[in-house]
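J.: What follows is the residue order along each chain.
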Amino acid sequence: MQPFIFERADTPAAAVRAGTSTRGPSAVAGPIQYLAGGTTLLDLMKLDVMRPQTVVDINALGDGPLGRIEATSTGLRLGALVRMADAAEHPAIRSDCPMIAQSLALAASQQIRNMASLGGNVLQRTRCTYFRDVTYQACNKRVPGSGCAAMDGFNRDHAVLGTSDSCIATYPGDFAQAMIALDARVEVIGSGGTRTIPFATLHRRPGETPDVETSLRPGDMIAGFRVALAPWMRRSLYLKVRDRVSYEFALASAAVALDVKDGQVADVRIALGGVATVPWRANEAEDALRGQALDDRTMEGAAQSAFATARTQAHNAYKVALGQRTLIRALREAAAMQI
Amino acid sequence: MASSDDRASGAGSSRREFLLVGASTVAAPALARAATETPRAAPRDPRMPAAMTLNVNGHDHRVALDIRTTLLDALREHLGLTGAKKGCDHGQCGACTVLLGERRVLSCLTLAASVQGRPVTTIEGLAKPDGTLHPVQQAFVDQDAFQCGYCTPGQIISAVACIKEGHAENDADIREYMSGNLCRCAAYPNIVAAIKQAKRAMAIAATGSGR
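Protein sequence lines, in the order shown, are assigned to chains W and C.
Residue numbers 18 to 356, in my numbering, belong to the letters of the first sequence in order.
Residue numbers -4 to 206, in my numbering, belong to the letters of the second sequence in order.
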């Protein structure tokens, strides 16, 4: 691990002041990094993948609004420093939007959920082996312009949606799928004050600059997430398919919220994980289902449309069928929920 | 050829005694360094050791550490508390699990500097001063819940928290909420049995009844 200067911020303004003292194209690769749970940052610093010059410990901000969950009948505000375990166990979240609670409970281990913050979780970086192991020279995400070792490498875990010729690394998180499915908004504190952006604009597809993973600028700090809830979102779930039953990243996952009236899909929200380079809202699948009866034919059609743009590699073609079946099973299970 | 290390450990002492002696002798020079060399808590030169106070098993330890030091390395290399184990050092195996306050966390992914002022409990802090084992420790012995023992301190700390969290209601629950602790010897069935035994024992100790 490279040496770094360690600072503590007692107010959001102090943190952002510390964080914005340098410029750069990318917050995730910036020389100043915020430390919350540290479960990604310390790991990648040990691997020499991340080499910040300054680490700003923001955990003291958890005593304020950044550490709180506010739940009303119409929505949630989740502070960025709320720990994954606390949101996963929150009674109102579990009952009013099981998708959110399940996306958190099915991620990582209890130790990591106790440590990891919601803000840090959505910024979790890919598990691509070629990104995490610096002995591989070719990684456009780690060293812009160096190539992509995964293209010709072992790419069973890699993405089939949202890829580019530069990068096929999978976005590894789960909670972000719930956020993007529910049209959450992200509170961001930056040098210009607080702004609110759609969650869907937080992550950037790799394109030709996979090193720029988010729309955050250096020094920007996520303060919280706002989610508008409707009563029908009690009929929601997060289904995660993986190589072992616990403590593993998704090969494919589906976040589904379903509103069925008179046998027809009045509204539906779908996001997919484990198969895409970013948290993936399946707009085409939603459009295919709205106003339709939820039956085998419509679900099959929605699943096919969700993966219509899939681009597969040597070892990950199975993710198309697995992702489609995961979505169909999630829809079936959501439809069968007693709420 | 007696070195200072030999004198510190004491010829003929047991490994446990050596570890305990090591704890007291290592902390003392660290205290002296902290008092004389590093007056500032967060030096601007990242190569300079940073003074910090760690509260472990009810005792404050003043140490001066490289700011990169993880809580795990601070415990093992600077406080002589080698109960928490270094398995993967990347948050994947759970061997380094300790309690931070009431919560189980991974000490290998925690900077020592970030936990100042917060109580840390390691496996060395579970038994009573008279040597009576914690119910989870006793249950691991009774149920033969380990083979090589390397993962065991992490398993036991994790199990203590798992029971207190209310995540030990049934076998499936235990398996899910203990999934962050890997055991290469695959003692899992006996670990589940030990946690069930310990849960009953802790309930009896807390309320005087088994329910």
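A few of these clues could be false.
Claimed, not checked - A few chain W residues facing chain C, derived, Cβ under 10 Å:
(1) Asp74
(2) Ala122
(3) Arg130
(4) Arg222
(5) Thr226
It is worth saying that the hints were derived from the structure and are not from the lab.
All values reported here derive from a predicted model rather than from experimental measurement.
Think of the CB as a built atom: it goes at the ideal place given N, C-alpha and C, for glycine as much as any other residue.
J.: Each hint needs a verdict: does it hold in this structure or not?
T.: Taking the hints in turn, this is what the structure says about them:
| no. | hint | verdict |
| --- | --- | --- |
| 1 | Asp74 | 5 Å, holds |
| 2 | Ala122 | 9 Å, holds |
| 3 | Arg130 | 9 Å, holds |
| 4 | Arg222 | 28 Å, violated |
| 5 | Thr226 | 27 Å, violated |
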